[in-house]
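> Heads up: the protein sequence lines correspond to chains A and B, in order. No gaps in the numbering here: position 193 of the first sequence is 193 in UniProt numbering, and each next residue is one more. No gaps in the numbering here: position 211 of the second sequence is 211 in UniProt numbering, and each next residue is one more.
Hints were generated in silico from the structure; no laboratory data involved. Take these hints with a grain of salt, some might be off.
[Unchecked claim] Some chain A residues near chain B, calculated using beta-carbon distances under 8 Å:
{"#": "1", "residue": "Thr-59"}
{"#": "2", "residue": "Phe-94"}
{"#": "3", "residue": "Gln-198"}
{"#": "4", "residue": "Ala-200"}
{"#": "5", "residue": "Val-201"}
[As the list claims (entries may be wrong)] Quick list of simulated restraints, FRET-style, between CB atoms:
{"#": "6", "chain 1": "B", "residue 1": "Arg-406", "chain 2": "A", "residue 2": "Asp-263", "range": "24 to 34 Å"}
{"#": "7", "chain 1": "A", "residue 1": "Leu-133", "chain 2": "B", "residue 2": "Asp-335", "range": "37 to 47 Å"}
{"#": "8", "chain 1": "B", "residue 1": "Ile-156", "chain 2": "A", "residue 2": "Val-140", "range": "15 to 25 Å"}
Beta carbons are placed, not taken as given, at the ideal position from N, Cα and C, and that holds for glycine.
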Amino acid sequence: MNASTHPSGEATAALAPADLVGLDAARIGVAPGRRTYPPGIAAAALFLAVLLAVAAAPTLFTGYDPLTGNVLEGLKAPNWEHLFGTDRLGRDVFARTVHGARYSLLIGLGGMAISVVAGVFLGILAGLRHRLLDEGIARVFDVLSSFPGVLLAMLVVTFLGQGMVNIAIAVGIAGIPKFGRVVRAQTQLVRDADYVTQAAVYGLGRGQVFVRHVLPNVLVAISVIATVYVGSTILTVSGLSFLGLGPQPPTPEWGVMLAESRDVLRVAWWPAIFPGAAITLTVIAFSTLGGYLQKRFEGRLA
Amino acid sequence: MRADVQDDAGGRPLLVDVQGLSIGFAPAGAPIVQGIDLAIQAGECVALVGESGSGKSLTARSLLNLAGDGARVEARRFRIRGQDARAFREVDWRWLRGTVTGLVMQDALVSLDPLRTIGQEVGEVLSEHRILRGRRAIDARVIEVLGRVGIPDPEIRARQYAHQLSGGLRQRALIASAIAGEPDLIIADEPTTSLDVTVQAQVLEVLAQRVRAGAGLLLISHDLAVVGGIADRVIVLRDGRVVDSGTTADVLTRPRHPYTRGLIDAIPSFASRGRRLGPASARSPDRIAPLRHPPPARDDTVVLEVRGIAKRYARPAGFGRRALATTALDDVSFDVRAGEVVGIVGESGSGKSTCARIVLGLLSPDSGTVRLLGEPWSRIRETERRRLRPRLQYIPQDALSSFDPRYRVSEIIAENLAGLRPAARAARTAELLEQVGLRDDLAGRYPRSLSGGQRQRVSIARALAAEPALIVCDEPVSALDIGIQAQVLDLLCDLRARLGTALLFISHDLGVIQHLADRVLVFHHGRLVEHGPVGEVLTTPADPYTRTLLASQPRLEYGLPRHAH
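Same shape as in the complex, but just chain B (with noise of 0.2 Å):
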């Protein structure tokens, strides 16, 4: 490894040469980003880690001189393959963005112009910086890029229109117009967040593909565990501060700072079975032991016994295209005992919000049944099932959008409590929220005011106030920053171990099942390919799409160098 790093050092070009950048907005503000030094050489990945506000896309963007209206970028140096930044003019930056730089932004489908086909935006930057001339060779060019990002059939999806490609391809467009004018800079903000594990590898090889032929790398992201396959070097950014840089597995291994060791914990994996993923809380200091292994409180209830449901949906036909049915449910059969966390991974279109749908009572299936504490829950009436209503709850991934706009916490919460006086409310709700770690001034603000973090706690609580059997949880961190998710996290096994809920888990990321689930199913194009324990299924799978999605989970240990392990 030792001498990995001195090649690095040995001989190759600075692609960016930045230190003691600051980036403000306001004239006399303070500045958002401070004091970052920023050095990538060609044919290296470096990764700039950091939660929602830390300042890692305006530094990313600063490096275009794409920081934004009215910004105010500051440097001690700022080189730009050996040129001084600071001199360049609008002229030099726009022959630098494409040529030089690519930038590949978070989401494809708002990226890329829903007027122009694929092949249009990617050529766009060959003819406008004029580095191919003549519709032939760039047609040629734009389909050997599309090639090269891994897009099957090129030449047809060259013609089609973004809303025409999955989220995958997508993506892997967007990187080819990044990359096809063949810049020595690749500047990626989150190139993977919202995509599947196994759309993520594959985009992360197309970038490290680059990477390998001598380009440097940018890569920006909320999670080490993502950066730590690809990256040589990272940067963790706090509140617009360096808090600590290194080699990858230096970061991994010897953080310097808490933070850097705070967002290492915060990854759920195996590892992190039975231990807090944030940090400790101060309101309990006492209840950390017993915490790190939470009693299972699990009988041989059966709570939700699901048999055989299938559900199929059909397209009628339309102007220009025939009748198309799919299948969203294939079969799938499973139990939830009492007190028990069950799992459901898969990829999107795997059926899993299907299933959570049927389940919760808001679809029925087209045949099979769903029984809830021994009764009968699929295909009967919405009046009949009113009864049992309350002891299965919904934890959305949105919260925000499933409270209404008009409601305060408070009365959120309350609706759920029903046939309880004013009273005897306001102290439930009260107590609710102390359960969920929210101070109870926040009773009487509006959600949207809230942060993601305690959005999430309050639709915890909304759940908790009917007090369930089961809570049926769809994907309830998948939109928070690590950080954040860890905390959740922490706060659903708490409660799990307090209060013996049982938890239908859904999510697409094995981490947090791996964390959290005591059996899990896998979906695959709507048919449960796989269930069992989690230790073995997602150890030793036996169906092969289980050991694709495991082999393509980011994990920290693979930013290690090899003969460490």
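Isolated chain A, as found in the complex (with noise of 0.2 Å):
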């Protein structure tokens, strides 16, 4: 970007006996090029397609069934049959193990599904200027973010009783605070950022200025935090399952396979560390695109 070719439409350069103008333009930040992208958000980014593709359709990658197995073909150690092995019941454990995407995404997802919605209502109604309402939700939070989130998803479900879909509402409520607190932080800075002191002047309505200011800029900074959550929440869903309070066996979920491994891990480390990295590795892949995407929309944010 030179001052003879200069982006800012400053027509004077050319002639200007002072050339003030150039100066200007010479502080215009980068041009918008073709973007790198570090080798480990490449690599986790990759690693949830592959999640996503195996979770839709987990049929293409594995023939075996995850429920049924031989008996006498039980605690295989891992050969070119059985990738990774088989456990007690004679069952394939990568077949388990792909089966199992679906759930932990599922629960994973839709606990943060309602952490989000229910916190995003709650903080935006929090973040506006009713003083009282603010109040008594800020209670509400501290209320819910006391407990560890752990423990407060185990309450919940034994008020709801096990199963997938009220883990998923367990692990969604134990979310809500986090949620709720920032999304209020950010709809105080943005109610009184300068962009809606404007957008008044244009002679805009409260909710046309709600609508097209506050809320989106809300959920830009809670799109970056969600995926970092959802890692978390996978990681607390299968510690629930684990416990015995997710989906029951036979389902093919990784903290259910952890659970049903544990008796045998004397003899048998597949059953066990397969569905392991599964959790560990998803947890660490949306960590690192959550913690990228943070980094670079950091500056956007208002």
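Two chains, two separate frames, one set of hints: put the complex together.
Right, here's the structure in full:
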């Protein structure tokens, strides 16, 4: 970007005796070009893409049934026939891990969706001007976050009963204050932002200002946190399933698989290692990607 | 004057003697600063002048070996107090900082440690370099130094933290910490840029005292008028190179480089009224002549009528403090007529911005009324105001934060074009961009990728989109470099002459008001202390505060030798 072709449009530069314009143009940011991604980010994104594909169509990746197996073939170490080996009941661990992706992702994303929707709703309500409402909702967040997430989820499951939907609701409720607080702070920030004042000067109505300026800018902040949060939700869900509060055996959920493999851990490492690795990698992938998004969008938030 | 120069050359020690200085970062990249010669004697003030990115701060910091990580500093000669600094090790530099050289930075709030008192901050250099021993001796010196820089009640202030001090006091505390070790050389990097004019004058006076006491001062600024009154010599930097240098009087009266000429021409004042501040526009050379004397498109229609508005802010009692009510605005009345530019001057806290917010209908006055185009404007509901909203627009100081970060330039402007079909909207947007001198391929860009001047142009285009009768401009140029400020002021003058839009122009810079405004309102402590035509109020002020303001205004003429006038 040199002075002769500077994109400032301040066409005065060419003839300007003192060329003060050129300096103005020289400070423009770097032109948007092709972006390169760090290898870690690319790997995380690739992993999550594969995971999504696996969750959507597990039968494309394995021919074995995750629920039935030959007991006589039980606890076979990984071999060419069974890549991840077989568990105590002779079920293919690879097939179970592959089919399990669907449950973990579904519950993780579902729980997160509940947290986000409720958190955004309550957070915006609190972040707008009403003081009593703000006080009330802020206290609700305080109460919710005064329990460790897992404990709160266990409490909810105790009330609602076990099962996939209930466990999603449980982790969803536990995650509300996390989003709610950020949304509240962000709403307060955006509602006082200069561009909201400016919109009032245009003559836009309150509702229009909210829909066009406040809500989108609050959501941008949330989308990034949500990505990071999916990982920890999946971890919580696996933990709860491990404790037997989530989907019940023989569902090939990763946490359930870990619980089942616990008894045979002395003789066979493979039924535990592979679902464990799947959980770890998924959590790391989401966190890495979320952290990267956070850095990239940081400057753009209000 | 001649005798003066010879005096300077005679016998005083050279504190800094640098020749052929170049600083670069990337191993193979072009140096950011190149071929700079810099010499500072004891008892002399040298000013480094240039716009953002000219390399002035980098040059100054290299004298303290603080140019930054990975900076490669090279010079044919680099002597500080007669010693070759190229051979210095880190220990030598550390000793140098504070004892031989002191650094005053622009933003005192971030330059002072928030967890330490002013006294600790100022005393640090004394204990660190073992200049004084013993708490008592250090405390006594700290208080003495704080007093010397004009901080009232130094004993109390020494025990306070940076956030408890006003901007002016903070800046003085920072200077105190820089001079506590009695350094021979003070480097001041834009020490007054964010300060009000009266405070600026005080801060410059403190620095001038040190120079008279025999210290060398390297003053960095983007504003020639600021350095004119204090500097003995001026070096003008542009893109990392020296374009002009010499005694202040020489540079100001006989600039060798057109760039320096441009910087001098860019300073707004009474003298610049009716002429362009920036370089002539290539787009419309034929329009230059009529622009010299913009036709006053003004008639007697009153656009804005403000009557007796007042605003008080109440601070409720909190932990450890009593309830407090401050009067932000007290019984202010004025009119703005069609096509007129009314300037508001005053320092921070004078009520300028409160007044602007009330005029904009963003804040409701406690008493008094505002009428826009003859219709009631204040103390009605927002829905009733909405019909007239397009007639009153706003140009804020910080353009970037007034843009929704998700919006492109075209969307920002189009948002203020209500009720147009998409095709008409695009055409009008292009027309507006052209009007403010922006190329239309910028329409698809995000404002954060634009320069400061371009952002302010977008902001102006957005305000014009509504075809307003009055635009409230709240310090629209005070965050801009002098050259960019010149262009934006030219644009505003030009548009005002062409469109006949009235402006209510708030500024702390008297020069800008002198250049632009027809009438001026002077605010002080929430009151309108004086008002009238600019030519009267700002030449023969009746109010003592206005006189103080005028006396504090940095002017180019101060840099000229007395008998030349």
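> Using the Cβ atoms, figure out if B/Arg-406 sits within 24 to 34 Å of A/Asp-263.
violated (54 Å)
> Double-check A/Thr-59 for me: the hint is only fine if its C-beta lies closer than 8 Å to a C-beta in chain B.
violated (41 Å)
> Kindly confirm whether 37 to 47 Å is satisfied by the beta carbon distance between A/Leu-133 and B/Asp-335.
holds (42 Å)
> Holds or violated: is there a CB of chain B closer than 8 Å to the CB of A/Phe-94?
violated (44 Å)
> Taking 15 to 25 Å as the stated bounds, is the beta-carbon spacing between B/Ile-156 and A/Val-140 within them?
At roughly 45 Å between Cβ atoms, A/Val-140 and B/Ile-156 fall outside 15 to 25 Å, so the hint is violated.
> Hold the hint about A/Val-201 up to the distance rule: shortest CB distance to chain B must be less than 8 Å.
This interface hint holds because 5 Å falls under the 8 Å limit.
> Let me know if the C-beta of A/Ala-200 comes in closer than 8 Å to any C-beta of chain B, holds or violated.
holds (6 Å)
> Given A/Gln-198 was flagged as interface, is its beta-carbon under 8 Å from a beta-carbon of chain B?
Since the shortest Cβ distance to chain B is 5 Å, the answer is holds.
Hint violations for this structure: numbers 1, 2, 6, 8, all remaining hints satisfied.
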